[in-house]
Amino acid sequence: MQFALLVFESPEAFATRKNDTIDPYTGAWRAYYQAMVDAGVYVGGDPLEVPETGTTIRIKEGKRRVQDGPYADTKEQLGGFIILELPSLDQALDWAARCPAAAAGAVEVRPLAPESKRRITE
Amino acid sequence: MNGSGQEDTHRTIEQIARESYGRLVAYLSSHTRDVASAEDALSDALVAALRSWPRDGLPQNPEAWLLTTARRALIDVIRHQQVVLASEPTLLLLKENSAEATLSTEFPDERLKLLFVCAHPAIDPATHTPLMLQTVLGLDAARIAQSFLVSPTTMGQRLVRAKTKIRDGGIQFEIPQERDLPQRLDAVLEAIYAAFGIGWDDMVGIDQRGRDLAEEAIWLARVLLQLMPGEAEVRGLLALMLHCEARRASRRGPDGQYIPLSEQDPKQWSLPLIEEAESHLAEAFKHGRSGRFQLEAAIQSVHAERARSGRIEWQAIVRFYEQLTRISPTLGTRTGYAAAVAEANGPEAALVILDAIHLDVVSGYQPYWAVRAHLLQQLGRTLEALQAYDRATGLAEDPAVREFLLQKRG
Chain A
-5 MQFALLVFES
5 PEAFATRKND
15 TIDPYTGAWR
25 AYYQAMVDAG
35 VYVGGDPLEV
45 PETGTTIRIK
55 EGKRRVQDGP
65 YADTKEQLGG
75 FIILELPSLD
85 QALDWAARCP
95 AAAAGAVEVR
105 PLAPESKRRI
115 TE
Chain B
26 MNGSGQEDTH
36 RTIEQIARES
46 YGRLVAYLSS
56 HTRDVASAED
66 ALSDALVAAL
76 RSWPRDGLPQ
86 NPEAWLLTTA
96 RRALIDVIRH
106 QQVVLASEPT
116 LLLLKENSAE
126 ATLSTEFPDE
136 RLKLLFVCAH
146 PAIDPATHTP
156 LMLQTVLGLD
166 AARIAQSFLV
176 SPTTMGQRLV
186 RAKTKIRDGG
196 IQFEIPQERD
206 LPQRLDAVLE
216 AIYAAFGIGW
226 DDMVGIDQRG
236 RDLAEEAIWL
246 ARVLLQLMPG
256 EAEVRGLLAL
266 MLHCEARRAS
276 RRGPDGQYIP
286 LSEQDPKQWS
296 LPLIEEAESH
306 LAEAFKHGRS
316 GRFQLEAAIQ
326 SVHAERARSG
336 RIEWQAIVRF
346 YEQLTRISPT
356 LGTRTGYAAA
366 VAEANGPEAA
376 LVILDAIHLD
386 VVSGYQPYWA
396 VRAHLLQQLG
406 RTLEALQAYD
416 RATGLAEDPA
426 VREFLLQKRG
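Residue numbers (my numbering), protein chains in the order written: chain A, -5 to 116; chain B, 26 to 435.
It should be emphasised that the hints constitute simulated quantities derived from the structure, not laboratory data.
Just to be clear, a hint being listed does not mean it is correct.
Label-pair ranges, simulated between beta-carbon atoms [as the list claims (entries may be wrong)]: (1) Pro18(A) - Asp385(B): 46 to 56 angstroms; (2) Glu46(A) - Pro146(B): 21 to 31 angstroms; (3) Asp62(A) - Lys433(B): 39 to 49 angstroms.
Pulled from the structure, derived: some chain A residues nowhere near chain B, Cβ distances all over 12 angstroms [as the list claims (entries may be wrong)]: (4) Ala(-2); (5) Ser110; (6) Glu116.
If you want the footprint, here are the derived chain A segments under chain B, 3+ residues with CB under 8 angstroms [to be verified]: (7) 2 to 9; (8) 50 to 58; (9) 88 to 96.
C-beta: ideal position from N, C-alpha, C; glycine also.
Using the sequences and the hints, build the whole thing.
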């Protein structure tokens, strides 16, 4: 079963991306990534650029509405995602708790929906 | 009644609820085997108490009042369920006893039976601890879910499923026969220790939740000891938890940094808790029946000895671990054994112990990687040490532990 870990990060966490040296937060991420790969559960994932680089599009009454910035107006912002292959939600929650962002932001765990994908793609 | 008087009454109700919850649920459900209905009836009674006690004053015997009121609610519930055939005798039983209970609190303490029911082999072992926390201590599913890192809905469903199984699955409210007792008691002790372990791991210095759960576990062990004073392992478990509890505050430095046991300042340990642990352990050893929890407590006792002697007798710890690995060769025991051997006999001997553990079983077990990293670093196998530190760090949940490992990694 595959799960997405949606990683929500604080502004301070996003700020560490500019650091030249490896700070504790980044160090924890390197270790976390390595642990997932070594445990054979890591399927994929990527960090996203900082929230300010987002652009949000809506079509309202046939007109394009373009908004600078991310969709959600919250303090913590989506900073990346991880896909894991695991036997159950319990294990996914264990991995989410180990995510360095869980201590300073939040990690949402969602099962992927292969059934819904099949309805669209087949 | 004025505001503060009402507050007092609420606090009294809370206190009575806390102290009597398990006794009342156990007694009410021992007749019906229906734990869920007993809990519902008791919570109805508590709501009624909140309404009438502030108005009419505390009854002379609050526990008996709750029991009578809960019983009445329970009879209503059973009537509504209309499972006539099955419940007629139960109704009779409940009614028969109700007059006597109004007069005294002298109803039998059935908590021991309830503890054995909660840790029954027919119930999923993962549910033993949550079930105990709920039925004996009255914790709600949402709070239990927090501690067990599952969603509150899932935890609620698991508890409901377990209670249905108790009611419909023919699980008897009884103390197991002599023949089954050791194994069944083990399951009860395991469940209590699991609650403590969660409370222990959870503790990041500021987290009240973790501390609460550890205290609840110690309380459960005290209840169990009161009910089974002759069981050495019950005392062993209590001694083990008290030894750990004595050091709770010293696991963090002033800035919240993680401090491993061997570097803690013994002056910060709680002497009364250590003394209590020691007296339970001494009493347990008198029975002459060694067991897992007594051995684990003995290991902690050697660590506590440092407060007096200023040094750790690693050879003694290794000897206790050798016995422990024979009766309980868990991953935790083997890892702890390796760590002790490293201190007593050097890293090579310790690494042999870790290498004997199959890699598949340790892929998610953080302490194994932390010990392994430490050993490899001591042996100068730098590259492997770095990799092991990464895994230990990546598997840690506690930011303070992560920082500690990253620093050691260098």
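Results of checking the hints against the structure:
Taken as a hint, the range 46 to 56 angstroms is violated for the pair proline 18(A) and aspartate 385(B), whose Cβ atoms sit roughly 31 angstroms apart. In this structure, glutamate 46(A) and proline 146(B) break the distance hint of 21 to 31 angstroms, their C-beta atoms being roughly 57 angstroms apart. Range check, aspartate 62(A) to lysine 433(B): about 44 angstroms between beta-carbon atoms, so the 39 to 49 angstroms window is met. A cut-off of 12 angstroms between C-beta atoms confirms that alanine -2(A) is not in contact with chain B; the least separation is 16 angstroms.
With a cut of 12 angstroms on Cβ distances, serine 110(A) stays outside the contact zone with chain B, its closest approach being about 21 angstroms. With a least CB separation of 31 angstroms from chain B, glutamate 116(A) remains clear of the 12 angstroms interface cut-off, as annotated. A count of 0 residues in the stretch 2 to 9 of chain A with a Cβ less than 8 angstroms from any Cβ of chain B is obtained; the coverage claim is therefore unmet, three being the minimum. Coverage of the stretch 50 to 58 of chain A by chain B is violated in this model, with 0 residues showing a Cβ closer than 8 angstroms to a Cβ of that chain against a need of three.
Check result for the stretch 88 to 96 of chain A against chain B: holds, 5 residues qualifying (beta carbon to beta carbon below 8 angstroms, three or more required).
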